[in-house]
Structures are given as structure tokens and as C-alpha cells.
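Fit chain B to the given chain A structure using the hints.
There are 2 protein chains.
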Amino acid sequence: MLLRGRPRALGAAALLLLLLIGFFLFGGDPDCELGSEREARRGGGDPGSIPGSPTPRVPPDGRPRSRGTAAFDVDPPADPGGHNSSDCLPPPPPPPKCELLQVAIVCAGHNSSRDVITLVKSLLFYRKNPLHLHLVTDAVARNILETLFHTWMVPAVQISFYDADELKPQVSWIPNKHYSGLYGLMKLVLPSALPPDLARVIVLDTDVTFASNIAELWALFAHFSDKQAIGLVENQSDWYLGNLWKNHRPWPALGRGFNTGVILLRLDRLRQAGWEQMWKLTAKRELLTLPATSLADQVWGRWRAVGAGSGPRCDATVSAQDIFNAIIKEHPWLVQPLPCMWNVQLSDHTLAERCYSEASDLKVIHWNSPKKLHVKNKHVESFRNLYLTFLEYNGNLLRRELFGCPCPPPPGAEQLQQALAQLEEQDACLEFRQQQLAVHRVHITFLPHKPPPPQPHDVTLVAQLSMERLQMLEALCRHWPGPMSLALYLTDAEAQQFLRFVETSAVLSARQDVAYHVVYREGSLYPINQLRNVALAQALTPYVFLSDIDFLPAYSLYSYLRASIEQLELGGKRKAALVVPAFETLHYRFSFPSSKAELLTLLDAGSLYTFRYHEWPQGHAPTDYARWREAQAPYRVQWAADYEPYVVVPRDCPRYDPRFVGFGWNKVAHIIELDAQEYELLVLPEAFTIHLPHAPSLDIIRFRSNPTYRDCVQALKDDFHQDLSRHYGAAALKYLTALQQPQGPV
Amino acid sequence: MLLRGRPRALGAAALLLLLLIGFFLFGGDPDCELGSEREARRGGGDPGSIPGSPTPRVPPDGRPRSRGTAAFDVDPPADPGGHNSSDCLPPPPPPPKCELLQVAIVCAGHNSSRDVITLVKSLLFYRKNPLHLHLVTDAVARNILETLFHTWMVPAVQISFYDADELKPQVSWIPNKHYSGLYGLMKLVLPSALPPDLARVIVLDTDVTFASNIAELWALFAHFSDKQAIGLVENQSDWYLGNLWKNHRPWPALGRGFNTGVILLRLDRLRQAGWEQMWKLTAKRELLTLPATSLADQVWGRWRAVGAGSGPRCDATVSAQDIFNAIIKEHPWLVQPLPCMWNVQLSDHTLAERCYSEASDLKVIHWNSPKKLHVKNKHVESFRNLYLTFLEYNGNLLRRELFGCPCPPPPGAEQLQQALAQLEEQDACLEFRQQQLAVHRVHITFLPHKPPPPQPHDVTLVAQLSMERLQMLEALCRHWPGPMSLALYLTDAEAQQFLRFVETSAVLSARQDVAYHVVYREGSLYPINQLRNVALAQALTPYVFLSDIDFLPAYSLYSYLRASIEQLELGGKRKAALVVPAFETLHYRFSFPSSKAELLTLLDAGSLYTFRYHEWPQGHAPTDYARWREAQAPYRVQWAADYEPYVVVPRDCPRYDPRFVGFGWNKVAHIIELDAQEYELLVLPEAFTIHLPHAPSLDIIRFRSNPTYRDCVQALKDDFHQDLSRHYGAAALKYLTALQQPQGPV
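Chains as they are written, first to last, in numbering that gives the first Met the number 0: chain A, 0 to 745; chain B, 0 to 745.
Isolated chain A (complex conformation) (with noise of 0.2 Å):
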């Protein structure tokens, strides 16, 4: 077979040889020919074969030329963005339909894992290929992006972790003013780090986002000569050059360097080549040349390129691509330069501009200015759309399949369709069963977010919100001084309006120690015990305080929930529930009562009521206002039915009925389930809490006025009981009956 396709392939190659001198007669633009003419008058070479040549050259479209021709510039400094034009040559070959890319990232701390999330959005919305990411994380990064990707689901996506924290002794010895700093330079151990049995891998920085499909720039390692390992694009600014300020005195680099966003590695040779001992030599023996003043002269000078004071980035003092520049100056055989737009830095001084306005494509934008998004640049607006672009993006519209390629699905993926395939078009509740179904993307930790230090009778304020409670978070702070977990339910766009609403808050970007857990979107229903469980699972203290969003606790209630749990000795010995007596108010000017007193003032001068006083007193009715009035020590209360407190309890207590989706019932299931496993019910005598009013939301209205709605929440919690029975056996008879008493509206 493959000698019968030869011919044929050798008259395809014939002919396209004929199209080709039929373009260039006839169809040719005149840019190529003055593209081709200069390099006419240039000449070619091998970059290794020209001792001292500063800049290797790459046309600007991706499309370097084959082996035996690439064509280098020997004009000392060159053009930055290899300002020669060939649109006229075909692109290398693509790599074959299925083949699996390596890509490697380094990613530390909670902003650096938001960054990488809308870099691999960009990778994914363009490639074809199957993927295998390798991420070296410290353990911030590695529990946000663990989380992130296993609930992400994306088809032909395989992810590998690796320990930055043990990899920071080969690097740790290089001066670094700044913690992060080290991680910068962790590239520089990937040869080692990564599996001895990985030849290639394209290493990416955070900070780049892609405009086009990474098996175009993974089909330049066909161009690599035999002994080339490192494929960079040239600098687009002057800064190796050592021109921009006085004093400024680089690390030593051909040219105007190589930047280091964006890395094709051939690691199998550099593991050959000794990569390990070369790159410690060479950056030891510079930083032994480097007199101390002129080093700080550096840091000096780093800081006013990278634009000091912009933002809390503090560069490294020595950067891995400070050592990278080093050892390419050394050994220039090293490396296969690249097109320039896989790598259009835009950085402050940056020269990219002839590059990309060349080009007609561009292929990978790095934001390689401290200022990173407000960067001053006239193009940035149109850079910024490309990047707000996939920042924005519903990350699950992503979970495509590539067609045509074989590859396992993600874990759960499989039970995941077949489950939602049983589901019947006809049935009325489809949407809640689709719903409970849904696999909600969760990043945890979304801003930067410390625990709180280890404390016996610490509680974790639990609770769940959307866009449209946002406003409640400032007043939440003030009222409650400890630790929270929130999960947020938004789509990829309202996550970055939270954000931005936190960054603009004093009171919000005061808290380091509230937790905000952004769950996507999916599906018309809320998933409030799904939520629930989110922000419950990530509570660190040992208690958590199950509250909604909606609710102010008493200001005094933090301290006094710890020292209760530490009289009632909670912690071994007594398998309790702490109930916290809800109120509510009607007014949204309304001041907040300072003591229990207070509060009963209000109460009986009708500014405050208990609540769900007029709609629902059934759900709290159990908690007994008028002994609560009275009382001076925690009481013991029963479950009755429809009771839905809220309470303090153990992190280790049930999680939530995920079955339970839209309005109704969520908080009722879960006090059965802490009743039928023996919780008992305290009700504490100095709490309270009060709810804020607000306008109904969407799920409240329609299970109001939609009848369909009430049936499929009566045929959750028939479903409900008959699990309860099954789990619980005779114990669980009483819920059974409570249910068949007359009741009032749900």
C-alpha cells in the first residue's frame, strides 16, 4: 500500500510544485517578493556555523523554513519580530490526527491557578489533539487545580502533578529576592523533573494566552536540526541589549535574546547533552562575574523595566531566563529559533508591533508587563479582547470530544452519559433529574485565601450564594469576624465581576480569612445542597455554623458559638446540633440589635418577627420562641416535621441530600438525616440570627406559581423517605408518619 501511494504523492508534489510557480508569475503579493528578495541579499546559514551571530531570524507567520534552508539574519541587532515576510511558503505539516501533545506549566498560590485556568481555556478552545499536562505546583495550586480538573471533565485531557516544593532545593541556591521567584526558575529543572521516558514538551507561562491550535507550534519541533534542543522566540524588546537605562547591565544573550514564555524543549536531549551541569555552571560562573553592585544594579534596573510599584509582582533577581539567555550565548547550537508570533510579548518596551502587524496570523499572546492587561500599548484593546475572550469563556462548553480520536474518557465521564441518556424526554421533572445530575466545575479557593491557625472550638461560617446576593458580603464580614467557606454559583463572566467587586471592597479585601469557592453554572435549577457541600467540605476549623446568605448573625454570635462549644464540650463526648434562633425583618434600614434584649424589643414592638412567621412556622416552630425568651441555658428541643434550623454541628456531620435542587426542602432533609443519626438538638440561649428581606428569587416564584414544580419537589422528597427507610429501617417510621400529618402550605 504505501508503494502505491508514492507515485501518486510524487505527482501531487509535481503539480503543487507547477500551482506554486503559477502563484508566484501571477498571484504573488509584492510583500513576499521583497521579503524574498532581501533574503536574497542576506544569504542563509546555520545559526551554530556563525560564531557571535546575534540574532537567528524566523519569518513572523509560523511558518519557519525547512531544515536544509532556515534563513538567519547576520545584520547585527535585527528587527525584533523577524520583520521578513514569507506568507508564500506552506506551513510544516501538522502533526498526525491523533497524536498526544506534552505541555508543562509551573503554577504557585491562588492568582498564579486563575492564570493557568484561562490559559488552558485558550489552549483547549483551539487544539484538535489530546492533551497531557504536566503541572508543577506547590500545594495551593496543586488542591485548586486537582479539584478544578477532575470536576472539569474535559475529554482527551490527562493531567500530571509534580511537587514544586521538592524541586526547590536545585534552585533555591540561585539569589532570588522574591518566593516566587523560585518558582520561575523551576523550568530550568524539567529535563530531570519530568518522566525520564518524555522526549518533547512545550513549556508555557502563565501568563500567555493562545489565538491559535498548539499543534502548529508543536510541529515546529520537525524543524529542529539533530542537535537543536531548544525552540524560543527572539526578545521583542531592547533589554538584553543593555540600552535602556544607564547602568543597566544584563545577563549575556545573542542579541537581543530569547524569551521564555513560550519553550518547545526536546528534553531527551538535553538530558544527553548534560543539561543539569551546564546550566549550574554557566549560571554560577555568571553570578561570580556579576560584582555585587552591578547585580544590584540589575534588580535596579529589572525593576523599573518590569514597571516597580504597578502591583505586587516583585520579580526574581535572577530569572530562568536570564540562565536560558546565558547558556544559548554559550552554546548557540542549542537552539531553533521560532516565528515570532508564538510569542508576542507585551511587555512595556516591547517591540512586537512589526511582528504582528505583518503577520496575518497571530498564535500566542504572552503578557510579559508587570502592568500585565493595563499595559500601555495602542493595540492592547485588541489584545485584551483575546484574552478577556477566554477568561470570560464558559469553560464548559470545552468538554467537547475530538472526533475521530480514540481516547478514555475522563473518570465518571461514561456513567455520566449513560445516566443522562436513561433519563425520559417525556418526563415532567426532566429538568431536576438533569439537574442532580449535572457535574458542576468547582474552583475552590478563588482568591487568595489563608486558613485560619488550628483552634479546638473554631466554626466556620458555611453558606451559598449567587450573583445576585453579592451585596450581602460586606455587611456578612462585619457581622461575623471568623472564618467562612462560601460557595459562589456563577458563570465564568460573573466570576471575574466577583472578583473584581471583592478587589474593590476595603471591607472584602481586608478578609483573609473567608474562602469563596466559585461553582459554574449549569442547568436552570440552583443546586443548593450541591453548593452547600462545596463550601461545608472546605470548612478547616472543626465546627462550621450552616447559615444562608441572606442572614445576618448577631454580632456577638462568632465568640460566643466557640466558647458554647467549648462548655458543652462538644467535641468527643456530646453528638449535638447548636440551634441558632432565626428572625426576620422587613425593612432593609433596620438597626441591627446589639444583645438579646434588644432584640426582644423589637420583637414585640413588631419591627422584628420570627421567621417565616406569616408563611412557613412550621420550619422553626420546634426551636421555641417563647422558652428561648426565657431561657439562660442551651435547651434540648425535638424534631418535628419541616424543621430547619439553623444550626452548629461538627465538620465531620452529614453532607447535604444533592438530590434536592431549585426550592424546597434542602435544609428539612438534612436536619432529618442529623435527627435519624442521633444529633442532638440544643437550642443556645443568647443566639439569634436575623434574615434581610429581598425580592423573591426566580425558583421561589416558580415553584409558587408553577404546579409541575411542587409535584417533582413532592416526588423528591417521596424519593427522599424510601432512601431514608432503606438506610435507616424502622427508626426512620416517625419522619414517615410526621409526613402523613395535615400540614400547613410548604
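In short, the hints are calculated from the structure, not lab data.
Because identical chains share one entry, a pair is satisfied inside a single copy or across any pair of copies.
With a cut-off of at most 16 Å between alpha-carbon atoms, the simulated EDC-like pairs for lysine to aspartate or glutamate come out as follows:
1. 377 / 413
2. 226 / 267
3. 716 / 672
4. 375 / 424
5. 572 / 679
Leaving out everything else, chain B in the frame of chain A:
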């Protein structure tokens, strides 16, 4: 220069030849060789030279063979989707970098306009070339799309409109079950309808989605032989084979026929070939030869094929596709078959899978099942995700320039850029100034809308809202049975949620006199007065009731207002604003008073208040509620500082001042403007409207908590007063004087 370039080009081509040979010998994948082998067995040929050749064949990867060797399959009924793979050949050269590409789309009605916008978003996302869109529209679509593109301000996009109603007589003789079928037929008249100097155009159905750069499609014109004039993708179903149902007798076609969702048209050649006569002759002949019963059969068959009963769509008896296919059957030399990936047809009986599972790249998806996104297809989820990507995509992000293409900026864009560039980055009110300058994309009549029949005293309720007030709409519809014009401030994704909300609401979907105008979000402050102006400009009755979304009018208000307008002879003689007194309740569940008497009872009982009685009494004090209690006839009141009543005015009233964004003073300024223009303020004795409670908006929270925000609102007020003095001179003094008086809180 041209000459100097050529030898080099020849060298490059020779090299390429060598490379290709190398690729086949060492790197080719077996699929390629299989394809080549199969082709070798088949042999090639010109479709024109094979009489009756049923299905011209093309490879699935967007890379047809070059002119001389176009290979076609001669086996009768071939695999749709062109199952031979030839990823091995390079794609045709892209069109010159900044070449203007021409696209024609036929579009009629509200729903089709929404579809076109999604299509255009996908097109713009991937395009790198300037585009000229030729839109053949009815009056509704033109109105919508003209406003949209005018406010969208996408660089390097020209729009031309053509009146579909003028073209109707040319196709209306063709039997059609349904009005909308006529629009489908208009593709046939494009050669005469489009400008005579337009030689090439890509014609698209509204239900296609791009997944790639349209320039690649345009490049396929280069493969047309000298005679070919129509580029089409083969049909990916057995429809034209006539074996789908018993008695199904389709129109004649070459094999499976071609699909007309994506067409490359050489208009110049069609004109030269006498296209108009050609298609009319063919259509008439076929219509004559089809016996009446067969035609009925066919209608039925098509009904079944398109999934009768699955949606509102009713297909035409004869489609443009039928006629195109009949012509091609007769004149096969006209057609250049296109690779299947350029029109992946997700019809009900699609055979497209072979196309998309083999090729590595999907170019255009065609939702040509009447079930659209709900079509049964095991891969539909993936296709849907691509569609949803653009449905929900923030269209503002497509306002990015084409680097390196000198295109005139869209009207107004340059002034906008200059104004934005003049803003001071350090200005504390920068956010306000940016928001004022924002040009919001506007999609008027987002949902189907029937304007009310003209009545001389009719009133439209005008209001604006964002997502968080959606739940007010049903109640509002119950309270106001007349026409409404509502501006909705939404993201693209929210607009889709809104659409679903209306579709699932029986109350809302029953109303066709409510016009919803989507204003797309941009910036951080709510552009309240810009929204009001959009809604106001779209009101079609002679009078408007300028309301807010959180108010419910008295049930009788609509008819009472019309009667009052008539009685007061508000038409030409009297320049007046009728005041509708405003009240508020603090309870969500509240029984709405059915008369003024009932309202007064509730007021006396303390269940209702006059609006903002506690926080901002001066806003409505001049209405004089005490007088209103007793009033039997309209009475005149005088303007006073901070007065902001809800009023009924002629549609040509002054617009709202768009400088007021966010919270504060936006209505006050409008009432001043009315007063300055000498509108009488007449309070109506039986009119009332009641504010329902809701949580405070984020803007009001910022106003209250942020002194800078308040300062900026103050600055806006000062600017406003300056302009007022400039406009009205001494007459505006009273507003400034009133401003000096001591005031309560804003």
C-alpha cells in the same frame, strides 16, 4: 523586483517538492496512502465530461485538489462526506492579507435576525480579513440589524442592505406553503439583486456556524475551472435519492445532490450564462412535470423529513435548494464541489459523521434540522457547544481591529477613541466618564413583537431593567395590558437566559405587544438614562408612561391614562406631563389595591407609604399627596428641587440626560428638562403606581458607602446645571437657586 523574486520562489517550490517526497516516504500516515490508493483505482476526471456523474467527490479536509486534477468519484451513490482522506496536500494559498471578502445572507423577521447575529459572531471571531456583508432583509430584520451594526462598531466590516420585499415578485410565483418560504427562494435572485460589479460572493444560510476562518473558504474560488460558477457541498442525507420514504419523489438532483446552506457564487459568470432565464425555465418545467398528487406527497415527505410537529417551522413546498439541484443536474459543469467540512449538515437523517470523524478540522456547521439544537445526534453535544460559544459570546470583544489592514474605522469610532484617549487616568470619576462614553450594542425587538394598531391616545409603558429584576415582568404584564417598550441591560449570555425565561412563561409568551430591547453590558456602572432613551425611542404610540421596573401600576391605569389623555386634549394644544402618584409597600406578599379608596385605606393602616417617604420625601412632595386624597380632577403642581415623579408625556418628549450613570439624579434631571421646556405638570386624581420591595442595587450600595461615588454624582449635577444655563439662559436660574437651598440626603 518581481523578476528578482522568482528564482528564489522556484527554489522554494523545488524544496517543497523534496520535502513532500520525504514526507510520503518516511512520515506519511496510512490514511493518506489509503486515500491515494483509492483515488488511483478510481481515476480522475472533469465532472462535465462524465455524463450523469452522480456525486462529485472531494476530500473532507478543506483541501480540494488543484485545478488540473480534481478527482471525482464515479461510483454511484458515494459516501456523503467525501470519505477519502487527503490531509497530505497543502491547502490552497490564503487570499491576500487584506482582501475584502463578500458575504450575502437572506434574513427576515425577529428570530432569523437573532440567528444571523450568532452566525456573524462566529464569522467575525475567526476572520482575519475585511468583510462586506450583503443583507437581504425584510423591514423588521433591517430595522434590527441596522441598529445593531451601527452600535456594534466592528472595524473592517461594511454592511449593505437590500429590500427583500422588492425582490418578492421575482419568486412569488413558485408554490409555497408558507410566507417565510419566499425568503428562502431569494438566494436564486442574488445575481441580479447584488451590485452588478460584484463578481464573487459567499452565500450563507442563517443557521450555519463558522468554526474557522472564512478566508479559507473564499480561497476555494481559486479552484473553480473557467466555467464553474457555483461551489457547493454535497448533501449529507439521502433526501434526493428518494429512498427515505415510500412515495417520496424528490426533485431531480445529481446523486445525493448538493446542500445550499453554504454557496460560493461567481456572480459574474452566472450573469453571463443567463442565470435568470436558466433557473426560471428549469423551475417551471419541473413544476409542470410533477403531477399534483406527487407534489402533495412531496410536501408530506418533506414534512416528515424535517420533523413535522417538532417546532413552528413550516418548510416551503419548493426550496431554492430543489431548484439549484435541478439546474445542476442539467448543467453539471456549473458546479465546483466543495470539501464536506465546509457544510457539516446536522439534519435529522444526517450522514455527516463520516465527514467530521475523518477530517481533522471542522469548518462550518449547518443546523439544517428543524429541531435545530435539539436534533438527535450522538455528537450533538459537541456541536452545540460550538454554537453556544458564539450565542453567548460577548460581541463587544469582536470590536478588535485587523492588524496591518488599513481600513476606515466605523462611523464614530475615531471620535470615540479620541474622547477616551483624552480622559485622565488619575481622574477620580474616570469610571463615570468612561461609562458615559461607552457605545452599547443595541438589539431592538429581541423577541417577536407586533406593534399595536395606531390609536390616537395610546400609551406605551417605558422602563429598563437588568437580570435581577426579571421576576417583575409577569406581574407587570398582569397590571399593564397595553404596549410596553422595555430596555434590558444584559450580557450576551444573559440575553439567552432571558429568552428562555420568556419562552417558559405562559404570561409573557402570550404578549406580543411588549417590545424587549437588549442593550449589551459594558462598563461597571448602570447606564440608566441611556437605557431609558433606548426604550423611549422604540415606543410606537403617541404617548409614553415613563416608569421604573420595580413599580406596579394600578390595574386600571392603562385605560384611565388613555381616557385622561383624550379628555385633557393632550394632543397638539397642551404641552403637559401627567403625574402618576407613587407609593410603596415593604411587603412582598401584599394584596394590590383595586381602587383609590382601597389604596387610601392601606395608606391609613400603615401598610403603604407614599414613595420614599422615609428616605427622600422631596422626590415626590410636590405631587401633594394630601391634595390628591381629595382631588376629583387633574390639578397642576409646580416644579420644586429634586422632584422626580412618574409621568405620562408625548413620545417626542425630551430624552433623558445620558451623563447620569449609576445611581442618583437621573430622573430629577429629566423633570427639570421638562419644566424648562414648559411642560405643565398635571397630577391625575385616580392614577397610582406602587413600588415593590427589593434588595438595594449594587449601585445604591456604592452610592451610600463610597464618598467618591457621591462626589462624582455631584460633579455630574454641576455639569448638568452648567449646560442648562447655557441652553436656557436666565430661565434656568431657578434650578440653580433651588440647588442652593438646604437639602436633605440625596
